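**Q** Using the hints, put the two chains back together into the complex; each one sits in its own frame.
Letter by letter, the chains look like this.
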Amino acid sequence: MNFAYYPGCSARGSSKDYEMSTQAVCKALDMNLVDIPDWNCCGSTPAHAVDTELSAALCVRNLDIAAQQQAELLLTPCPSCLSNLKLASKRMEDPAFRQRVDELLDGPSAKAFPPVTSVMQGIAEAYDMETIAARVRKSLKGLRLAAYYGCLMSRPAEVMNFGDPENPTLMESMLAACGAEMVDFPLKTACCGASFGIPERVMTARNSGRILDLATQLGVDAVIVACPLCQMNLDLRQEQASKEMGTAFRLPVLYFTQMMGIAFGLDHKELGLNKLRVSPDGLIRKLDELRRNSAAADKAAEGGRS
Amino acid sequence: MRIGVFVCHCGSNIGGTVDCAKVAEIARTYPDVVYADDPMYTCAEPGQAAIEAAIHEHKLDGVVVASCSPRMHEPTFRRTVERAGLNRYMLEMANIREHVSWIGRDKEANTNKSAELVLLAVEKLRNNRPLLAKSFDVNKRVLVIGGGVAGIQAALDCADGGVPVVLVERDATIGGKMAKLDKTFPTVDCSACILGPKMVDVAQHSNITLYAYSEVEDISGYVGNFTVKIRKRSTYVDWSLCTGCGACTEKCPSKKTPDAFNELISNTTAITIAFPQAIPKKAVINAEHCRQFIKGKCGVCAKICPTGAIKYDMEDEIITEEVGSIVAATGYDLMDWTVYQEYGGGAYPDVITSLQYERMLNASGPTAGHIKRPSDGKEPKNIVFVQCVGSRDKSIGRPYCSGFCCMYTAKQAILTKDHIPDSQSYVFYMDIRAAGKMYDEFTRRTMEEYGTEYIRGRVSQIYPDGQGQLVVMGVDTLMGQAIEVKADLVVLAVGIEASKGAPQLAEKLRISYDSYGFFMESHVKLKPVETNTAGVYLAGVCQGTKDIPASVAQGSAAAAKVLALFAKDKLESDPQIAQVDMRRCVNCGKCIQCCPFGAIKEVEIRGEGKAQVIETVCQGCGLCTATCPQGAIQLSHATDNQILAEVNALCQL
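Just so you know, the sequences run in chain order A and B. First residue of the first sequence: 1, per our numbering; consecutive thereafter. First residue of the second sequence: 1, per our numbering; consecutive thereafter.
Just so you know, the hints here were simulated from the structure itself, not pulled from any lab data. Given the structure is predicted, the values throughout are model-derived calculations rather than measurements. It is possible that some hints are incorrect.
Said to hold, decoys possible - In silico SDA-like pairs for lysine to any residue, Cα to Cα no more than 25 Å straight-line:
no.: 1; chain 1: A; residue 1: Lys243; chain 2: B; residue 2: Ala482
no.: 2; chain 1: B; residue 1: Lys546; chain 2: B; residue 2: Lys372
no.: 3; chain 1: B; residue 1: Lys140; chain 2: B; residue 2: Thr209
no.: 4; chain 1: B; residue 1: Lys394; chain 2: A; residue 2: Pro156
no.: 5; chain 1: B; residue 1: Lys486; chain 2: A; residue 2: Met245
no.: 6; chain 1: B; residue 1: Lys486; chain 2: A; residue 2: Glu166
no.: 7; chain 1: B; residue 1: Lys394; chain 2: A; residue 2: Asp164
no.: 8; chain 1: A; residue 1: Lys243; chain 2: B; residue 2: Gly299
no.: 9; chain 1: B; residue 1: Lys486; chain 2: A; residue 2: Pro156
no.: 10; chain 1: B; residue 1: Lys486; chain 2: A; residue 2: Ala248
no.: 11; chain 1: A; residue 1: Lys90; chain 2: B; residue 2: Gly397
no.: 12; chain 1: B; residue 1: Lys394; chain 2: A; residue 2: Gly163
no.: 13; chain 1: B; residue 1: Lys394; chain 2: A; residue 2: Leu87
no.: 14; chain 1: B; residue 1: Lys486; chain 2: B; residue 2: His419
no.: 15; chain 1: A; residue 1: Lys243; chain 2: B; residue 2: Gln481
no.: 16; chain 1: B; residue 1: Lys486; chain 2: A; residue 2: Gln217
no.: 17; chain 1: B; residue 1: Lys381; chain 2: A; residue 2: Asp213
no.: 18; chain 1: B; residue 1: Lys394; chain 2: A; residue 2: Ala157
no.: 19; chain 1: B; residue 1: Lys394; chain 2: A; residue 2: Asn161
no.: 20; chain 1: B; residue 1: Lys486; chain 2: A; residue 2: Gly219
no.: 21; chain 1: B; residue 1: Lys140; chain 2: B; residue 2: Gly221
no.: 22; chain 1: B; residue 1: Lys486; chain 2: A; residue 2: Gly246
no.: 23; chain 1: B; residue 1: Lys486; chain 2: A; residue 2: Met203
no.: 24; chain 1: B; residue 1: Lys107; chain 2: B; residue 2: Ala21
no.: 25; chain 1: B; residue 1: Lys394; chain 2: B; residue 2: Met430
no.: 26; chain 1: B; residue 1: Lys394; chain 2: B; residue 2: Ala347
no.: 27; chain 1: B; residue 1: Lys372; chain 2: B; residue 2: Pro258
no.: 28; chain 1: B; residue 1: Lys527; chain 2: B; residue 2: Lys297
no.: 29; chain 1: A; residue 1: Lys243; chain 2: B; residue 2: Gln467
no.: 30; chain 1: B; residue 1: Lys508; chain 2: B; residue 2: Gly221
no.: 31; chain 1: B; residue 1: Lys486; chain 2: A; residue 2: Cys191
no.: 32; chain 1: B; residue 1: Lys297; chain 2: B; residue 2: Asp316
no.: 33; chain 1: A; residue 1: Lys141; chain 2: B; residue 2: Gly466
Same shape as in the complex, but just chain B (with noise of 0.2 Å):
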């Protein structure tokens, strides 16, 4: 074997702390090395051009590079010794820089370190043999979870792409938290206006099927042919004969049922449809409240129901769906603020949040857009808002800003000077994140135009005086002293966490999550929309805290990305997969046990039966490689002889 060995300098990252030339002179050493240099940058142009010319010079069948984790680059090397005629894997890398230059300060033992990682790559190379992948065919239907704006967006991206969606939402209603909101900033735009029509595209478009109070349950397969089993959850009510007409919910007499649609500040009916604009506009009944349930005798909606349509025994229902892509939008819920104890801890009735402000300045919000204080209908005319409860608080956990309370905080302050023109608001921050187009120039016209008192200082107490009034005790960093503001009603700007059940839904997806729930992004800065796993793409606030317009750009994103996907006919495999040999096989079926993707089955060959694995299922985990007693199933790419050699060449060192 010809092997040719490149060792990055990686500009000082690499050749910093680690005497490259050194290593390079010692690879020449190597049992089969034929050629080693030490480029400064080897994935710029000229560095792969270098090994591609190395190729043909030394009539290189082998490259390794020692460089960067190949997770950053393996893909990049590979298509470079494929271009230069060697299969992709008869490459190998040895990870320099974060397992050595960047943790390590003493260059002789850096040095000395890389040369042992070069020789192991050598060793392994030496045992490599080509892989050829398959190709298979691609599912081209997506499957959308979560009808927030990310979502709605995707789903018509890809429908008008040509793409079947399917779109799961857990709600009665897509629309997710922009349809509950008053207005937008910085426009002030009325949002149930703009996001009504895109809802309506997404019921009448021909590609999208919606699956509305559903929730995904189970999630298998891989990229290009995904299983999915949708729970439809029951709604008690036939939503193909439901006409939305409402007479069921003008009738139904369990009227103190919560209405989670207005966050809890009013009640509505134990059958319901969430507003006037949902999407699908069919009615649901809460089971927890109709007394159809609770005393088992009422039926007045059945009765007044001009289709007919009540169906009490009606129960969940398990759809299976096949698709070839999945786009994660599932948006963010408030963290839980009654742990602020010095704010009442949810005890005080005008201490509210600023969804629920939103749902009350909205004309289809409970109060019909007039701003009342929950304890006793009166309109307020000192508000107080308080940024940044649960955000940028290290002592509760959450260091994290959300992101666009700084904006939504200065809109609900403009609109309650246009709703109660004698009022005045006062707005407790920290500072003032306004970074978006457009968005510094409206936090100034709320403060100059509109006359709001920013006080730059936290809130330390809010209470009762006794007197019908709230007392809001807090601090001016910038006057140096303790300010106490009067108040009616305090809007609290609470910070928000991943949607309830997130962590749950990234299991299912095999995706990665943060402590605080949100999806993790394949990579920081250059796949944002991307995950670890093939084929699951992040669209929304469930990757993290993002405005509209950015929920919109990364839902057409994430439809950008399943569209290329589709683009191909087929997919190639990756063959780093395990193979049974059929001599060595005993046919126990541990494997079949084991395998956590149901990727190995027992097949019958000449009379005898043993283990097969499906090539397109398997994962290349290596479970069954460990499990096997008789060491009849390898892993291609890692098998024993790859890394017995390996270690061999570490021992003998």
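Pulled out of the complex, with its shape left as it was, chain A reads as follows (with noise of 0.2 Å):
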């Protein structure tokens, strides 16, 4: 199955891993993402931050591509650009609007685009769960996960269409079909200061840091994320945190389709966990060893029965 596919551009720097393993868990799902040919930057925070129309005008110009390529649907693994193209969409359905962007792009653009959604919500709605867990040779259970999803994946709920803006629950239907306890977390959608780990390192680090505290007192083996500034910000910066919580936290922080690949037992290269900042050797020697316990607690139990 092909799928019109929107990278952005983290996936081809800092977020290289997510695409990697995105890719993987695709391909072994049989699902062919496709990039959509020249496709620009979504103008991403400075963009919209800056002019609205501008930063549409950036969208639109992708959208136009994957429209004149009859997409049925856009996929996009970052929740910045999926909320960057989503809007830019939306607000093209006021004529003085697209016809100012229509301005900035020297010329008209397609009437209708189709429509975006997230990676996540693209395999969920090609597969459902059963199919996801029989997809699954090396099963998660006995880990405990904390699935952090972000402020932008669920918000705002009228654009994002991801269930309830507060409490949204589909990483966690998805880990769970990998085996995976998913704990409560209370901060799934809280905000890990984003951007603002530049201008105003303090308070990203104090977000990040209340995000990576409620996780260790949960106990969990990891948190799982679908964003690249979050991922980046939990992880790469999870010592600045430390630093302000006035702790060392070592928590790995996968991407949601790292911990897929894992389940689907897909070589751990091609999911690029070496290019995560804090390890997660831990994390699959762990679960190395849960799974040969209960390999052997099978073979025990077949031992009593014969």
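**A** So this is what it looks like as structure tokens:
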């Protein structure tokens, strides 16, 4: 199955591991992600913070390409790209806004754009949880995980269409299908500090620290994310967060696609696990041990029967 | 015919956008109009006197008043023409305020339209005939629906006024929400101590018949003569034998029955008496949790009961009562606060409602008046109160203020300090609404004498920190910064909505209700107790949010309305009802089928079947007149001839 795909800039830079694991997991599920040709940056936070129309123009150029490709659906892994693309698409319903954006683009854009959705929702729309569970080769049974969505994925609710904006549950369903025990994580939609890591480092450290602190209190083995910026703040800046909170966090922060890839038994190199700042080695070892123990227990049980 | 026309300026309300003098001038050219004037305020005393004088001076036999909606002043002007000796139905009104001046700015167009509406009224009036009301007997008994403090007050006042009262209460005991409260603001009086005697008065009053654990099933009839069907739900205990000794509740083995009276923070037995001061103090079996009903065997209560009152085979009973008036006092319920997922949506045991907290503070509550965290039973030290949860929040479709939460939150903060002197309370608020007598002084005491921290701002999230406490994240809008409070217990001041089933009851009562289920009064300012259905009155929160003194006041006000109604031995029927022309009626029976009030019956006249309208039952809705294939039924004061006269006038313009 082919899907039109908008990777976004971070996929080719800071979140290469998200991109690698997304490609690997989708391939394992027989979903072929095809980049839309000649795509450009969505404008990210700086563009929409400065000018709504310029930001929309950047997004609309991509949407227009997807429309020309006659894509029925456009997938993107990054919540920030998704938010920009969806908002631009919605704003284009206003004829005056459309006219101004078309002027910026030196010509009329397509009358209708294909709907855009996250890779996570794309997978969930294509496959039910039983199908995902059936693809599991290495169950995550015994792992305690916290799903962290960040602030963007579910908000604004009427645009993002991602269930209850305060309590989304899709990631939990998918990882539970892979065997993991998902804790109720109350800060799942709290803000990590986002791009304020540069101008307001302390604030970001505090916000991310709060999330890491609660996850540690809940005794999880890892925090699972779906956003490149969240991942960066919680993983790359984990030391800064530790300093701010006066503690020393040691919590692996994986993309949901990396965790699913592990469960699917995919090659760890393919999933970019070596690119994580906080090493997931302990997590992998624990999983292997859990699996050895459960295999031994199964064998013992079999022995007992015969 | 000699008709007088009065075109009212209503100050600038009409005069501002309608040339009233011009309308009067045009009216003088209409057929049969012998007099027209344009007074400034027609409804004022000089205005009415001018109509009376004109009737005498110009020998008028019909009057048209062009002014506001007839809903506003038709009764006023009917009395005016009646004082001058005319029949009250020889008056017509043209609504040139709501239908003209308030909705259009073009003075010329408004003036033309007003003149046309006056013409319609004149043509209708030319076909009017004097109508005479008939009188009928009033059944001087009243039904009060709901046994909360408002209903209790209405019932007691009516009963003291000599009127027999039928009081219907849905729960097993009267007392309503007030019976659940520990203390009342602003005096910190014990709620049960001040309500208890009133409840006992209800039980002992010879004029009050109490049906507890019962609901109104059906209401028919009209003011003065309502017939009410009441469903007495099965309690599985014969209350004529039950002495309220409580032996059954001590021995019942089903001890995990959710306790509704204690707002579900504790369990009770399957057979219960709600609380020590319950009225009636009788036991009720909750069949959903009773082993006898679930497993088919147990029978412990039947064995233990000294009077043999347990009846497992008891069934619901339908009782019919005849009354002349009804007071609705059905109160309120809390809105479903679990829509707030950011507050845990009900998943965290130590996030509770203020009504649950009230039960906890209450000495006869599940914790015997000790404040304990539901999760671990520990005494909390830091307590956070969150106001406006489900009030003044458009994002969840609750734009209105629940009215009394600011006050009971202040009270609960004071009580918390009294119970746990080394505790610290925090209150997140939007605005303090303390507009009652001694109310603002009370909230200030909470802050100044009891050291409660008031934080002006909303709470964005509540979550457990994993170490046994709750983190309350919010904003302090006075300091302009985000704030975080660690709490052992969080109490939500949950907004209110109309009692469950209120809209269904409103349909039975044929009264209006708003989108939150609150019953609509007849006029927001001037008729806050009446409804648009004659003989049906409102008391308490069922009409809109109010605190205890306001509910009691409205209970008494509703009783005053009932007593005023019953001061007359006979009521006048509205003559605007359907009438059958016997010569035209072919007895097809279609009118009998379509009448929603059962107001038409078949009678035999000279050996022939004919339809006949029961005058006291007919509501004048006109369905039968539209249905009759022979045109044999005419609605008085809206006959085919009268309506066609208006249509003709309009078409010939």
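**Q** Compare the structure with each hint and give your call.
**A** Do the hints match the structure? See the list:
1. A/Lys243 / B/Ala482: holds, 21 Å
2. B/Lys546 / B/Lys372: With Cα atoms ~30 Å apart, B/Lys546 and B/Lys372 exceed 25 Å; violated.
3. B/Lys140 / B/Thr209: holds, 14 Å
4. B/Lys394 / A/Pro156: Roughly 16 Å between the alpha carbons, so the hint for B/Lys394 and A/Pro156 holds.
5. B/Lys486 / A/Met245: holds, 16 Å
6. B/Lys486 / A/Glu166: holds, 21 Å
7. B/Lys394 / A/Asp164: Judged against 25 Å, a Cα distance of about 17 Å means the pair holds.
8. A/Lys243 / B/Gly299: violated, 66 Å
9. B/Lys486 / A/Pro156: Roughly 28 Å between the alpha carbons, so the hint for B/Lys486 and A/Pro156 is violated.
10. B/Lys486 / A/Ala248: holds, 22 Å
11. A/Lys90 / B/Gly397: holds, 24 Å
12. B/Lys394 / A/Gly163: holds, 19 Å
13. B/Lys394 / A/Leu87: holds, 23 Å
14. B/Lys486 / B/His419: holds, 20 Å
15. A/Lys243 / B/Gln481: The hint holds at about 23 Å.
16. B/Lys486 / A/Gln217: holds, 15 Å
17. B/Lys381 / A/Asp213: holds, 23 Å
18. B/Lys394 / A/Ala157: holds, 15 Å
19. B/Lys394 / A/Asn161: holds, 20 Å
20. B/Lys486 / A/Gly219: Roughly 20 Å between the alpha carbons, so the hint for B/Lys486 and A/Gly219 holds.
21. B/Lys140 / B/Gly221: holds, 14 Å
22. B/Lys486 / A/Gly246: At roughly 18 Å apart (the allowed maximum being 25 Å), A/Gly246 and B/Lys486 satisfy the hint.
23. B/Lys486 / A/Met203: This hinted pair holds, its Cα atoms lying about 19 Å apart.
24. B/Lys107 / B/Ala21: Roughly 13 Å separates the two Cα atoms, so the pair holds.
25. B/Lys394 / B/Met430: Answer holds: B/Lys394 to B/Met430 is near 14 Å, not above 25 Å.
26. B/Lys394 / B/Ala347: The hint holds at about 24 Å.
27. B/Lys372 / B/Pro258: holds, 18 Å
28. B/Lys527 / B/Lys297: Not OK: B/Lys527 and B/Lys297 at ~56 Å, beyond 25 Å, violated.
29. A/Lys243 / B/Gln467: Measuring from Cα to Cα gives roughly 21 Å; hence the hint holds.
30. B/Lys508 / B/Gly221: holds, 11 Å
31. B/Lys486 / A/Cys191: holds, 19 Å
32. B/Lys297 / B/Asp316: holds, 22 Å
33. A/Lys141 / B/Gly466: holds, 23 Å
Going down the numbered hints, you'll see the structure goes against 2, 8, 9 and 28, while the others check out.
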